[in-house]
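Going line by line, the protein sequences match chains A and B. Under the numbering used here, read the first sequence as residues 1 to 270, first letter to last. Under the numbering used here, read the second sequence as residues 1001 to 1292, first letter to last.
Since no wrong hints were added, every one of them can be taken at face value.
Which residues of chain B face chain A? A partial, calculated answer using Cβ under 8 Å: (1) L1009; (2) G1017; (3) V1118.
Stretch by stretch, here's where chain A covers chain B in the computed footprint (C-beta under 8 Å, at least three residues): (4) 1028-1035; (5) 1102-1108; (6) 1128-1142; (7) 1224-1237; (8) 1266-1278.
Read the hints as simulated data drawn from the structure, not as lab findings. Remember, it's a predicted structure, so these values are computed and weren't measured experimentally. We put the CB at the ideal spot given by N, CA and C, even for glycine.
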Amino acid sequence: MKALRYLALSLAAVLFLIPFYLVLRNGLATEQEITAQSWTFWPSEIHWENFVALFSNPAVPMVRSMVNSFVVAVLQTVGQLLLCGLAGYGLARIPYRYANVVLYLVIATLMIPAAVTFVPTFVVVSTLGWVSDLRGLVIPGLFSGFTTFLFRQYFLNFPRELEEAARIDGLGHWGTYWRVVVPNSKGFFAALGVIAFVTSWNQFLWPLVIAQDQDSWTVQVALSTFLTAQSIDVVQLFLAAAVSIMPLVVVFVALQRFLVRGVTETGIKD
Amino acid sequence: MKHGRAFWLFVGPFAIGLLVFVYVPIGWSLLLSFFEARNTVTPTEFVGLRNYADMLTDQPFLSSLGTFSVFAAFIVPLTFVLALALALLVNQISFLQGFFRSVFFLPTACSYVVASLVWKLSIFNGVRFGLANTVLGWFGAEPVAWTVSTSPPWYWLVLVTLRLWLQLGFYLILFIAGLQRIPQHLYEAAWIDGAKPGWQTLRYITLPQLRTTSVAVVLLLLIAAYQAFDEFYNVLGTDRGYPPFARPPLIYLYYTALGSGGQDFGHGSAGAVILTLLIAGVTLLQGRVITR
Chain A
1 MKALRYLALS
11 LAAVLFLIPF
21 YLVLRNGLAT
31 EQEITAQSWT
41 FWPSEIHWEN
51 FVALFSNPAV
61 PMVRSMVNSF
71 VVAVLQTVGQ
81 LLLCGLAGYG
91 LARIPYRYAN
101 VVLYLVIATL
111 MIPAAVTFVP
121 TFVVVSTLGW
131 VSDLRGLVIP
141 GLFSGFTTFL
151 FRQYFLNFPR
161 ELEEAARIDG
171 LGHWGTYWRV
181 VVPNSKGFFA
191 ALGVIAFVTS
201 WNQFLWPLVI
211 AQDQDSWTVQ
221 VALSTFLTAQ
231 SIDVVQLFLA
241 AAVSIMPLVV
251 VFVALQRFLV
261 RGVTETGIKD
Chain B
1001 MKHGRAFWLF
1011 VGPFAIGLLV
1021 FVYVPIGWSL
1031 LLSFFEARNT
1041 VTPTEFVGLR
1051 NYADMLTDQP
1061 FLSSLGTFSV
1071 FAAFIVPLTF
1081 VLALALALLV
1091 NQISFLQGFF
1101 RSVFFLPTAC
1111 SYVVASLVWK
1121 LSIFNGVRFG
1131 LANTVLGWFG
1141 AEPVAWTVST
1151 SPPWYWLVLV
1161 TLRLWLQLGF
1171 YLILFIAGLQ
1181 RIPQHLYEAA
1191 WIDGAKPGWQ
1201 TLRYITLPQL
1211 RTTSVAVVLL
1221 LLIAAYQAFD
1231 EFYNVLGTDR
1241 GYPPFARPPL
1251 IYLYYTALGS
1261 GGQDFGHGSA
1271 GAVILTLLIA
1281 GVTLLQGRVI
1291 TR
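Generate the whole structure from the sequences, applying the supplied hints.
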């Protein structure tokens, strides 16, 4: 029985790893090896020069699009934690006559996935003149009702004694938040932050809509453009895919603890 | 008054953004949906409910809802059952548990664009050297044109396996978290009462205890399938456009509102409003589950 379990899991694991194997095999081989009559399990020698070819290919703005993706993901992560954290704390802890009105406005947006409203958002952002602009890529994604709601739920359960101690020391709401609440909530911030970074790095529809000039492409838009183009260099495409997942593989290995917590926090609250 | 200032200091920046980037777009789009708005966002020709009438009688729009239904009918139960099965297996072992969990979760690091690339150009490439066709070749079968064949519609196999691979790990983690919250004493009591570990405890303890998780997972899966765009666009789309079949709602909306045929914000907005109302119903249910 135990052996069967390990057998089933190992089989599933092999199936799950095949796409990663294919990315590496195709990215480091030659086109002849990929298109050969019989399956090449692994390139006879690793063609590191493919990297040089990829990064010097003028049709593939690899460096530029990776930098764009990185800037967007960092700004969205920091921005979301800052704005939604503050708002979540205000909604959870500061008594105010209209707090409930604001809370209902936040909760109402939970019913509407941002992707479904990409047309209206595009209308507003293009009116602001933010098409093919870093602001257009970053700012509309910062105001996540869902993240604010999660922060509020978290702060509702934050130990009040810690805040009261800070109050006695003469700190106001602002000081309490930055000196006591945030330092004692690092795990939660890290969990939501990792999820925000991964989501931002991998998002496609919004960058596709808004990043119309090549200079503003994120790496996902760049990959997609080559994938759907008339003629493609298969080897370079797979190598580009490998390069594009590197930052996230690092995040996954280094921060898995927070990632797993982030998934359970954002998936189901109970 | 003092509280009011503190409140807006914390909530104000977010509230302004929410207003400008969520509420204004929705309001504007409601407005646009009652106007003839081709290539303009400040239209003047009021057409009443005509855009809505057009959308609700538009065959491609209705068939995009059909496409979503077919996709959901495959992907929701498949992901649910496999994620639960793997979660049960992973949860029962101790040696290498972390390893297996990481392997199944690793695809979450890939974007749908990367997965589409692998599925379209390597696994389900229609030529002889594609992985699936290579395996078929070992058994003497002819190569299959996976992504372009419409009868049988093999593209469903491509799209469903792609999403299954990419999203399974996320739901696996949710199920494992759910399993670990089940109190151990429930199982011990059942064993004392003579229940056999296996089907009996699964049927009478594990599944009922996972009810909240299960409902949430089904709703999350449905909402995610409703928003499917990336893999359809990248697997089936080319630089010459998108084929006339397999267009889920967002693909349809994308080509209506922003496609090469010119920007039609009136119809696009009406479509967005209809889709929003449909999904709001489902997410309302989810809201009940998560706020409970």
